[in-house]
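With chain A fixed as given, assemble chain B onto it according to the hints.
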Amino acid sequence: EAQVTQNPRYLITVTGKKLTVTCSQNMNHEYMSWYRQDPGLGLRQIYYSMNVEVTDKGDVPEGYKVSRKEKRNFPLILESPSPNQTSLYFCASSPGTEFYEQYFGPGTRLTVT
Amino acid sequence: SQQGEEDPQALSIQEGENATMNCSYKTSINNLQWYRQNSGRGLVHLILIRSNEREKHSGRLRVTLDTSKKSSSLLITASRAADTASYFCATYSLDYKLSFGAGTTVTVRA
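Quick note, the sequences are listed as chains A and B, same order. With positions in the first sequence counted from 1, the corresponding number in the working numbering is that position plus 117. With positions in the second sequence counted from 1, the corresponding number in the working numbering is that position plus 21.
Derived from the structure by calculation, the hints contain no laboratory data. All the pointers check out, no bait thrown in.
Below, simulated PhoX-like cross-link-like pairs (lysine-lysine); rule was C-alpha separation at most 25 Å, straight line:
id: 1; chain 1: B; residue 1: K77; chain 2: B; residue 2: K47
id: 2; chain 1: B; residue 1: K47; chain 2: B; residue 2: K90
id: 3; chain 1: A; residue 1: K135; chain 2: A; residue 2: K186
id: 4; chain 1: A; residue 1: K174; chain 2: B; residue 2: K47
id: 5; chain 1: B; residue 1: K118; chain 2: B; residue 2: K91
id: 6; chain 1: A; residue 1: K134; chain 2: A; residue 2: K182
id: 7; chain 1: B; residue 1: K118; chain 2: A; residue 2: K186
id: 8; chain 1: A; residue 1: K174; chain 2: B; residue 2: K118
id: 9; chain 1: B; residue 1: K91; chain 2: B; residue 2: K47
id: 10; chain 1: B; residue 1: K91; chain 2: B; residue 2: K77
id: 11; chain 1: B; residue 1: K118; chain 2: A; residue 2: K182
id: 12; chain 1: B; residue 1: K118; chain 2: B; residue 2: K47
id: 13; chain 1: B; residue 1: K77; chain 2: B; residue 2: K90
id: 14; chain 1: A; residue 1: K134; chain 2: A; residue 2: K186
id: 15; chain 1: B; residue 1: K118; chain 2: A; residue 2: K188
Chain A with its partners taken away, still in its complex shape (with noise of 0.2 Å):
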């Protein structure tokens, strides 16, 4: 089944303490980026990814790092966790960039304390 995966689905975690969000595709899309989401403000994007080993700054990056070594994984990191990036993250992943629809994974909702 083509799919975005994303682990773990739930973290609570404490100010400071490094966490990875790991996001999978199977689809063998060129194309991958993490959002956050918060109440009222829609998603925002934080980096994108066109192909392994690039990636971009999207609107929000401060706080996380990315990497593209593969072409099916972007993992999303938070060296130093604050309570401000509590939220709902997503990832998604397509063929391309315009023209292409957006297949998301289920979400990861992530509390700091």
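Here is chain B on its own, set in the frame of chain A:
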């Protein structure tokens, strides 16, 4: 920054009625996409309209695009309870960032 802004923020309708929501964006685009999100789940793509198209249909969905006004509308006809969801428009900027609006929450009452 958010490229798209939806209006209204929330909409409540009776089953069988039509629901219309609007999206305005700031810069030139090559296409505009609409997505649906059910209660905290991942977004699902509904429809893509290219900048050279004025109207597009998909089942009970009708999307219009007015590039001169930098706006788009999504019409859901004959709404059902299953249409209860949040709806987002999305556009790409020139550097391939994808921006979503804040969304319109639609509630369909039985």
